[in-house]
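Modelling step: build the complete structure from the supplied sequences, incorporating the hints.
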Amino acid sequence: MILVTGATGQLGRSVVEALLNQIPADQIAVLVRDEAKATTLREQGVSIRVGSYDDTASLERAMQGIDRVLLIAGTDEEKRVEQHRNVIRAAKQAGVSCLAYTSRTLKDRTTMVNKLMEGHFQTEEDLQASGLGYAIFRNVLYMDTLVFYVGERGLKHGFRLPTGQGRVAYALRSEMGEALANWLVSGPCENKIYKLTGSEASSFDDVARVLTELTGNQVTYTPVEDAEFEAQLKARGVPETLIPRYLGFQTDIKNGQEDETTAELAQLLERRPATLREGLKVLFSTALV
Numbered sequence: 001m002i003l004v005t006g007a008t009g010q011l012g013r014s015v016v017e018a019l020l021n022q023i024p025a026d027q028i029a030v031l032v033r034d035e036a037k038a039t040t041l042r043e044q045g046v047s048i049r050v051g052s053y054d055d056t057a058s059l060e061r062a063m064q065g066i067d068r069v070l071l072i073a074g075t076d077e078e079k080r081v082e083q084h085r086n087v088i089r090a091a092k093q094a095g096v097s098c099l100a101y102t103s104r105t106l107k108d109r110t111t112m113v114n115k116l117m118e119g120h121f122q123t124e125e126d127l128q129a130s131g132l133g134y135a136i137f138r139n140v141l142y143m144d145t146l147v148f149y150v151g152e153r154g155l156k157h158g159f160r161l162p163t164g165q166g167r168v169a170y171a172l173r174s175e176m177g178e179a180l181a182n183w184l185v186s187g188p189c190e191n192k193i194y195k196l197t198g199s200e201a202s203s204f205d206d207v208a209r210v211l212t213e214l215t216g217n218q219v220t221y222t223p224v225e226d227a228e229f230e231a232q233l234k235a236r237g238v239p240e241t242l243i244p245r246y247l248g249f250q251t252d253i254k255n256g257q258e259d260e261t262t263a264e265l266a267q268l269l270e271r272r273p274a275t276l277r278e279g280l281k282v283l284f285s286t287a288l289v
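Heads up: the sequence shown begins at 1 in this note's numbering, then just goes up one per residue.
A few of these clues could be false.
To be verified - Okay, the calculated beta carbon distance ranges per label pair:
(1) R277 - G158: 15 to 21 angstroms
(2) E78 - G216: 41 to 47 angstroms
(3) T39 - D226: 41 to 47 angstroms
(4) E118 - G216: 40 to 46 angstroms
(5) N21 - K156: 33 to 39 angstroms
(6) K156 - P188: 45 to 51 angstroms
(7) P244 - A25: 28 to 34 angstroms
(8) Y246 - G133: 35 to 41 angstroms
Bear in mind the hints are in silico, worked out from the structure with no lab data behind them.
Every value quoted in this text rests on a predicted model; they were computed, and no experiment measured them.
Backbone N, C-alpha and C define an ideal beta-carbon position, used for all residues, glycine too.
Here's what the structure looks like:
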């Protein structure tokens, strides 16, 4: 029996959809906070377990009869580490045989600018020390985020980011979900760290070039200084407390934190993952009509 946490989120949905293509629904359970959002999954025969990372009693109930757990990282960055510890403790108490965690491919922990990402490394350490069998999946930045970074306005007027010539080995979220599902069904639990990336690292100049080819319009990327980016965010109404997080994230890209490529995503998919061109064609499909 497989339990997927965060199953109504974007990555969680991709994982569950891929699982349903491989194994009977009665072998799948999901942890959700809002049961109403899981109605379709219930109708498909998936076991719905209501709870949250903060509610230890609900986690203990959710783990009953479970063999493998996929812990999808929580979105509350301030509370994330303790929430993950709650999940790990509940899994161990319930006798779960293997727990997998979705971490990040950030290359150098000691030079990260966005320190909120440190929580991923702390969770990795907690899991490794737990005594549970584990798999850690360090996922690269989803190619899907380029829709946010570029947007419809960027397709017409160009986009400006403080990312310099930093490169990212983007991969589609849907393919990440499929790869995780493949591992959950048949992958070995060998206390291993996987690095899931696309097969090529691309700069934002590459993104602009591919979008130009796909749209027939001249799409431009302009590297900017931090101050201009901060002003952009303020103009969009982004709360000032969040601006350092966004800036730190962009700076880590500029500094090459996500430019490493591996073949491990391709191995789990048993095919080459989508290229930048293939992925952008799907992601910007409505804008290309």
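Status of each hint after checking the structure:
At about 19 angstroms, the beta-carbon gap between R277 and G158 stays in the expected band of 15 to 21 angstroms. Between E78 and G216 the CB atoms are about 44 angstroms apart, so this pair conforms to the stated range of 41 to 47 angstroms. The beta-carbon spacing between T39 and D226, approximately 44 angstroms, falls within the hinted interval of 41 to 47 angstroms. Roughly 43 angstroms separates the CB atoms of E118 and G216, a value that falls within the hinted 40 to 46 angstroms.
For the hinted restraint 33 to 39 angstroms between N21 and K156, the CB-CB distance of approximately 38 angstroms keeps it satisfied. The hinted range of 45 to 51 angstroms is satisfied by K156 and P188, whose Cβ atoms lie roughly 48 angstroms apart. Our hint of 28 to 34 angstroms for P244 and A25 is violated, since their Cβ atoms are close to 43 angstroms apart. Checked against the hint of 35 to 41 angstroms, the pair Y246 and G133 passes, with Cβ atoms roughly 36 angstroms apart.
Going down the numbered hints, you'll see the structure goes against just number 7.
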